[in-house]
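Q: Letter by letter, the chains look like this.
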Amino acid sequence: MGDRTEALRNRVRGAFETGTPLSIEGGGSKRFFGRRPAGEPLAIGDHRGIVNHEPSELVLTVRAGTPVGETQAALAEHNQWLPFDPPRHDPASTIGGVVACALSGPTRPWTGAVRDFVLGTRIVNGRGDVLSFGGEVMKNVAGYDVSRLMAGALGTLGVLLEVSFKLLPRPARDRTRVFEMSAGDAILRLSGWARSPHPILGAFHDGDRLHLRLGGSEPAVAEAAERLGGEAGDGAVWETLRDHRLPFFADDGPPLWRLSVPAHVPPFDVPGSTVIDWGGAQRWVRSDAPESVLRSTAAAAGGHAVCFRGGDRERPFHPLDEGIAGLHARLKAAFDPGRILNPGRLYDGL
Amino acid sequence: MSNSTAPGIDERPRAVRRRELAAELLTFLPRESVLTEPEELRPFECDGLTVYRRLPMLAVLPDRVEDVQRIVRAAAAQGVPVVARGAGTGLSGGALPLEDGLLLSLAKFSRILELDPDRRLARVEPGVRNLAISEAADPHGLYYAPDPSSQIACSIGGNVAENSGGLHCLKYGLTVHNVLEVKVVDIEGRLLTLGGESLDAPGYDLLALITGSEGMLGVIVEVTVRLLPKPETARVVLAAFDDLGRAGDAVAKVMASGVIPAGLEMMDSPAIRAAEDFAHCGYPTDAAAILLCELDGTEAETAAQLEEIRVVLEGAGATRLKVARDEAERARFWLGRKSAFPAVGRISPDYYCIDGTIPRKRLAEVLKRMRQLSAEYGLDVANVFHAGDGNLHPLILFDANQPGEIERTEEFGGRILEICVEVGGTVTGEHGVGVEKLDQMCVQFPAHELEQFHAIKRAWDPRGLLNPGKAVPTLNRCAEFGAMHVHRGNLPFPEIERF
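Each protein sequence line maps, in turn, to chains P and U. Here our numbering is used: position 291 in the first sequence is 291, and no number is missing along the way. Here our numbering is used: position 78 in the second sequence is 78, and no number is missing along the way.
Looking at chain P on its own, in the form it has when it is part of the complex:
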């Protein structure tokens, strides 16, 4: 427990010299995600702890193996949070895993994504060099933004050691309103609301009802609840949704797809059931339909599809255009010339 930087660096350096692939593992809660892990496990779960939290600076630096729950609890003591509200699909979920997989919770369209709150990172690249980028300040344009590049790279560009985040105060008031309406009506209604600055922090449709989360200052939330209407709802639903504990997400059943699309697009006509999150911008679909159907549906709407859990592990992520795929390969080589860090976890060949 604590600072395992030296040990991790030595492991990666040794693996680089011998050409041994490593499979980076934090809490082990996301083995289901992406292509199949391959290589010797590189455990970072012991590399944990909060390195620096300055409440008045609104900055947190935390080791990658620190559990998400522990982190949020420490921040809550100071009435602060990571506003992208990272999911905890498992209590073991770590900060490193959340950043590597770029997972943001239901607040994402209104607060910003993981990458929007990343201020700095410390990583080990594929040569075994420990590198620091960004820092603990709000604005920093010295050098390329390597820190944000780490978000969603699935560990294929570097082993995350530490991440610095921008924090915000928790909303003073948090209320949930519920509206009986179809998914199509919900999308139209949300589109209209988005034209005005309402303090919305969440909007999801469970198939029958729209749940709307209002969060912000006391007067702003009270005013919005009055203006937007609806019935009082249960605020606990947001955690249940965030952590995939709704019955919809149960382990049995067809593969779970995530369609990331522009929010205004009407509901899709695909076989299976759908939960709409992110005010329309993230659609969870349980479907046995062929991959091509889901991919073309998302692409036609201007988005992309991820086979999130339970489907084909060969190609979970949306195929890249040729020019973009070439850049990926060259960036991979720039960070990890020996292709030892989570090889093949994101795309074949990376």
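Be aware that one or more of the hints could be misleading.
What the hints assert, rightly or not - In silico SDA-like pairs for lysine to any residue, Cα to Cα no more than 25 Å straight-line:
no., chain 1, residue 1, chain 2, residue 2
1, U, Lys-183, P, Pro-319
2, U, Lys-171, P, Pro-169
3, U, Lys-361, P, Ser-132
4, U, Lys-361, U, Gln-402
5, U, Lys-253, P, Ala-172
6, P, Lys-166, U, Ile-419
7, U, Lys-230, P, Arg-11
8, U, Lys-230, P, Pro-169
9, P, Lys-166, U, Ala-364
10, P, Lys-166, U, Lys-183
11, U, Lys-361, P, Pro-169
12, U, Lys-183, P, His-264
13, U, Lys-253, U, Glu-135
Calculated from the structure, these hints are not laboratory results.
Fit chain U to the given chain P structure using the hints.
A: Just chain U now, kept in the frame of chain P:
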């Protein structure tokens, strides 16, 4: 100068190379889009950092993306480096031409291609001015949030290349937080789309990587920005302090209060007086420092937050608080801040703007050390800064006509940036490295990090033809610089040969 390394040495005289490339470009561009004469090239000799000037070998002003692709291919085929330029308002020399290079102006790309209030986005060409986007969105009750002080003139392509900030990024983020999609032409002349209209894209976050990359990775030819609904109301409070350090501490107290101001700006006494003389904005000229704190939201919300902030500022020792009574007074308070640079330009023959960022809690200490340095160098400093972000803009006042003053000013500026790094900050918060802060990059980053930056550059541009010599110093340059500046007793880059 090790920063002007033109790759692929071509021994033929420049005039021959210029004639050859111009001939090739004129096969698909009209004569008026290809500039080769010194008097035509003069307007491109510098950007907003006017101490560095250089004429490019030639300048090109296309107005179609296909032509940008062909220009880049033609230049690359002849091994000619390409420097992209937007409105030329950058403050770090990022658009400084190369003598053997092609200057690619994107000024003619000035159309708003699409503005959709329902999808809350605008798709624009790179030469569109920052403010023009908000003006076009205004009838729909929407706006584009990042508002650099130069927003009346600066272009969106340059904003993306520099990851520009502004007065309101404390609450609404930087350029990187407000851009959905960017189209770039890479050095092979391919058109690549990074990001998209959905909230994320598959694969690596190349949109984040291109933002702030200072023209080193690709030429930005189209930008889609997110528009936000305009807040119902905005109020600003001006707080005066009789001590600079106390004002610095007040910033930390505001930030810890739980209220996130839309903007939190600070000015010191020389800046206050210059701005008041210039803009007659109602600033207290006897104050040692003022804070401008803007709150926005609904009427009721803003009123409640204003009350909270008032208590915090009084508790922090403000000697006077003035809430702008109406929109006109609010605009006047901001006018003073926004015209601080030209105002300082009136009290001094020249000034040099620094852009370091520090952790907010170190503000009072850094200001004190800056005052000591000011005395040591015999050069006055006026301070205006984005206090909420910890982003300092000390303006060093000097006279370029006095022998040695430019050099003293640059050295003083470099020392300030080194203090920023020492206290855990950065050499540039929003202006970019360009050619200006290459030496200070050596102070901020060890060799391995710089090598990683160069590897990223090579992944996009293996021959180093896009804006070469900017943003990231070569290790040799750092070794040279390091030989002069021993940092905290450690000689940087011990593994590199010295000259």
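Q: Look at each hint and say if it fits the structure.
A: Cross-check of the supplied hints:
1. U:Lys-183 to P:Pro-319: holds (19 Å)
2. U:Lys-171 to P:Pro-169: Roughly 12 Å separates the two Cα atoms, so the pair holds.
3. U:Lys-361 to P:Ser-132: Between Lys-361 of chain U and Ser-132 of chain P the Cα gap is close to 22 Å, so the pair holds against 25 Å.
4. U:Lys-361 to U:Gln-402: Violated: Lys-361 of chain U and Gln-402 of chain U sit about 37 Å apart, past 25 Å.
5. U:Lys-253 to P:Ala-172: holds (18 Å)
6. P:Lys-166 to U:Ile-419: holds (22 Å)
7. U:Lys-230 to P:Arg-11: Answer violated: Lys-230 of chain U to Arg-11 of chain P is near 52 Å, above 25 Å.
8. U:Lys-230 to P:Pro-169: Satisfied, since the Cα-Cα distance of roughly 22 Å is no more than 25 Å.
9. P:Lys-166 to U:Ala-364: holds (22 Å)
10. P:Lys-166 to U:Lys-183: Not OK: Lys-166 of chain P and Lys-183 of chain U at ~28 Å, beyond 25 Å, violated.
11. U:Lys-361 to P:Pro-169: holds (18 Å)
12. U:Lys-183 to P:His-264: holds (22 Å)
13. U:Lys-253 to U:Glu-135: This hinted pair is violated, its Cα atoms lying about 35 Å apart.
The structure fails hints 4, 7, 10, 13 (numbered hints given earlier, in ascending order).
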